[in-house]
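Student: So you can see what is in the structure, the chains are spelled out below.
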Amino acid sequence: MKTRDIFDRRFLARQRIGRGFRAICLAATTVGIVVLAMLLADVLWDGVGWLDWQFLSSYPSRFPEQAGIKPALLGTLWLMGLTALFSLPLGVGAAIYLEEYAPRNWLTRLIQTNISNLAGVPSIIYGLVGLGLFVSILALQRSILSGALTITLLILPVVIITAQEAIRAVPDELRQAAYALGSTRWQTTHYIVLPVALPWILTGFILAMSRAIGDTASLIVVGAVAYITFVPGSLLDSFSVLPVQIFNWASRPQKEFQYLAAAASIVLLVVLLTMNATAILLRNKYQKRSQL
Amino acid sequence: MQKDVPMLVGKVETRTELGRLLFKRTKRRRLKEGAIHGILLLCGLVSVLTTISIVIFLFTETMGFFQEVPIIEFLTGTRWTPLFTPKHFGILPLVGGTLLVIAGASLVALPIGLASATYLSEYAPDGVRRLLKPLLEILAGIPTVVYGYFALTFVTPLLRRYLFPDMSVFNALSASLVIGTMILPMVASLSEDAMMSVPQSLREAAYALGATRFEVTTRVVLPAALSGISASFILAISRAIGEAMIVSMAAGATPKLTINPLESIQALTAYIVQVSGGDTPRGTLEYQSIFAVGTTLFVMTLIMNTLGQLVVRYRERY
Amino acid sequence: MPMHTDGAILETRNLNIWYRNFQALRDITMKIERHKVTALIGPSGCGKSTLLRSFNRMNDLIPYARAEGQVLFHGQDLYARETNPTEIRYRIGMVFQKPNPFPKSLYDNAAFGPRINGYQGNLDQLVERSLRRAALWDEVKDRLHKSALTLSGGQQQRLCIARALAVEPEIILMDEPCSALDPTATLKIEDLIWELKKRYTIIIVTHNMQQAARVSDYTAFLMMTEEGTGELVEYGPTDHIFTRPKDKRTEDYITGRFG
Chain U
1 MKTRDIFDRR FLARQRIGRG FRAICLAATT VGIVVLAMLL ADVLWDGVGW LDWQFLSSYP
61 SRFPEQAGIK PALLGTLWLM GLTALFSLPL GVGAAIYLEE YAPRNWLTRL IQTNISNLAG
121 VPSIIYGLVG LGLFVSILAL QRSILSGALT ITLLILPVVI ITAQEAIRAV PDELRQAAYA
181 LGSTRWQTTH YIVLPVALPW ILTGFILAMS RAIGDTASLI VVGAVAYITF VPGSLLDSFS
241 VLPVQIFNWA SRPQKEFQYL AAAASIVLLV VLLTMNATAI LLRNKYQKRS QL
Chain W
1 MQKDVPMLVG KVETRTELGR LLFKRTKRRR LKEGAIHGIL LLCGLVSVLT TISIVIFLFT
61 ETMGFFQEVP IIEFLTGTRW TPLFTPKHFG ILPLVGGTLL VIAGASLVAL PIGLASATYL
121 SEYAPDGVRR LLKPLLEILA GIPTVVYGYF ALTFVTPLLR RYLFPDMSVF NALSASLVIG
181 TMILPMVASL SEDAMMSVPQ SLREAAYALG ATRFEVTTRV VLPAALSGIS ASFILAISRA
241 IGEAMIVSMA AGATPKLTIN PLESIQALTA YIVQVSGGDT PRGTLEYQSI FAVGTTLFVM
301 TLIMNTLGQL VVRYRERY
Chain C
1 MPMHTDGAIL ETRNLNIWYR NFQALRDITM KIERHKVTAL IGPSGCGKST LLRSFNRMND
61 LIPYARAEGQ VLFHGQDLYA RETNPTEIRY RIGMVFQKPN PFPKSLYDNA AFGPRINGYQ
121 GNLDQLVERS LRRAALWDEV KDRLHKSALT LSGGQQQRLC IARALAVEPE IILMDEPCSA
181 LDPTATLKIE DLIWELKKRY TIIIVTHNMQ QAARVSDYTA FLMMTEEGTG ELVEYGPTDH
241 IFTRPKDKRT EDYITGRFG
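Keeping their order, the protein sequence lines are chains U, W and C. In this text, residue positions in the first sequence follow the UniProt record's numbering: the first is 1, and each later residue adds one. In this text, residue positions in the second sequence follow the UniProt record's numbering: the first is 1, and each later residue adds one. In this text, residue positions in the third sequence follow the UniProt record's numbering: the first is 1, and each later residue adds one.
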């Protein structure tokens, strides 16, 4: 019974340690939230006064009160469109291959390992590849096409991985039912698997795109510039994008340009938020449906 | 039996009556199937081609660079002055700058991230978790250039006003703190996944022995999730090594071997951004130097990522 | 401290348990005798595991579980406001359905409970004594510092018993401890239960009626109503329950007519 007494005496101390630990963990969790709030407050505080139609519809300028983000905003939209055009078919194609077609051999394993390794390569390295491959070798110059191709390589691994997960989630019974009716592999994939997986593929794709849109380093390396006085009209035009514009303005010593950077950041965050909200809405809509 | 069905489809079709009847259609069908198979395979191979391009471009340009600059000088030199004469190309100041920032960021992100993961996995009620997790996801989704803006225009002035009046405008400390915040959600969510996958039966065993929640967490859950937690640390650090905008905007462009976080330094990625920002023509030494720095960066992150994968593979069985 | 070998150590009074709106147990009132083996039997889903887990408040770990009524341990209500569930659990040990050793060494498994509870005596002796009482010592004494996961399933389960014994509990709850084991390993655990009841009170949930008949002194038969709520149908000395049950439902169950 002696042991019991010791246990009992220790018990209060242990309870106290436990409560302290819980408090520390809770405090740590709030750190991230507090910093997020400070960051948003900082950007809004600095930038919201500069946000108006003039800011959205003007070209960059030496004079902060005349400067705007028209080319950068349009450049970002162009880039989004082109990147989507390239990366969605490529990424979904690769995912279909890996999930529905690929035999279990060394080549498949190589591709799969390779994709997960690529997902860990820093974006600036993709910028260097874009600079070497698209800008120089393929002579596409520092153009919006080079930028979109670079971003395509950058997000492809993530697009493939999320699409694979979506395809894998399609119940096997559906495939077997289709095969049992004499469907070929492609018919099964096309008519059965893809329609079921599509909402989830798109959700993952939008989230991957929202990552790409905020990426700055790779596009600086490929040659996006901040001082553009025209709207991109062809694929080979030089271009600007919001993050690069923000970087350029924020790096200037004058306070006014930093406020412009904050205002542009707000626009960028709104674009990202819209994309994320779309993804979430899409997911919720189809989740409800599939429960029926 | 059922699992074999897809494999047999082709053969079955030609051997049965139905198969013979459909033979003509089947032939055209098979051609189409083959073509589609090929196209999809090509999509899959794009990723392999990407890797090959990365290796080719990094290494050819780096080899060109090493014809001008001896590799020994590059790896051991302590001065990096590529933009003025005499030019020195010793990578150590840039690596040192990156490591200094990483050390600071790790001090912030690893403990706070792990504690957040512990709270989310072991303590938080369902409702609270559902509120906190999306907020952390938003934190993870903020573009790095906005983080850079925050470091430069908020964190640095704050530190200079209240803590370190002598700190330079560009300094490693702000960059560290903000990069730490950037990778915190990654540490938190990957570690939480690792802790959530520890079987409930182990927690019950410990509770049944009179363990408090604290003891269950620290003596059972954390040790059992150790490999996943280590992997989250390694992958987050790897992400921080490759981060370019925060260090470019907040840490400065003065390559310097120092351990004083209040000074201005230059990180590997920041050099690439600095030189690419100008219009550097192909074939010049500057152009090649960003590839040499890129190769260094690539090797560092490759080592970290490989290490991360190895750690995950050696996970504890339960 | 003198002990009454025939007294009740644990007593439930009108115990009701809910998971959200679902009532899992209704009005359970029973006394558990000290230094005896009590078996809880009944068809699956009848709430016998829930009842067992209410004795050391393991149900507290399930969100939205709630208990009404009393469970008295030495006359103290386990569900009283001032009772701390953690404190109960080192006085009432538990062994689970599937062996769940920690991914640590054998020694660290057996020493886990004493360590967290701040045991200050000779830990080596305590570990040895616990392993001996769990009839495992001779098989493992040369590899105490190997991972517990290298043991066979039966050995793992005896290690889990040793782990529970090391905190010197008064009662040991066993939740179908043999259901994941082969017949030989089962036999060893049953022998062990006979041995253990000299020092401990044992409550065992089992779906195996021969096992209940072999190891227990008392048997409680539970059954669920149509809504799935578990009720205590019959409780008494094991030989009475098995040879001349009073309730028709008990007889049907025992003779294998359903369940």
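Bear in mind the hints are in silico, worked out from the structure with no lab data behind them. Just so we're clear, the structure is a prediction, and the values are computed from it rather than from any experiment. Check each hint, because a few of them may be wrong.
[What the hints assert, rightly or not] No farther apart than 20 Å at their CA atoms in a straight line, the calculated lysine to aspartate or glutamate pairs in the EDC-like style are these:
| hint | chain 1 | residue 1 | chain 2 | residue 2 |
| --- | --- | --- | --- | --- |
| 1 | W | K32 | U | E65 |
| 2 | W | K256 | W | E73 |
| 3 | C | K104 | W | E204 |
| 4 | C | K98 | C | D191 |
| 5 | C | K146 | C | D108 |
| 6 | C | K98 | W | E204 |
| 7 | W | K256 | W | D279 |
| 8 | C | K36 | C | D252 |
| 9 | C | K31 | C | D191 |
Student: A separate judgement is required for each hint: does it hold in the structure or not?
Tutor: So, going through the hints one by one against the coordinates:
no. : hint             : verdict
1   : W/K32 to U/E65   : violated (60 Å)
2   : W/K256 to W/E73  : holds (16 Å)
3   : C/K104 to W/E204 : holds (16 Å)
4   : C/K98 to C/D191  : holds (19 Å)
5   : C/K146 to C/D108 : holds (10 Å)
6   : C/K98 to W/E204  : holds (12 Å)
7   : W/K256 to W/D279 : violated (25 Å)
8   : C/K36 to C/D252  : violated (26 Å)
9   : C/K31 to C/D191  : violated (25 Å)
Hint compliance for this structure: hints 1, 7, 8, 9 are broken, all remaining hints hold.
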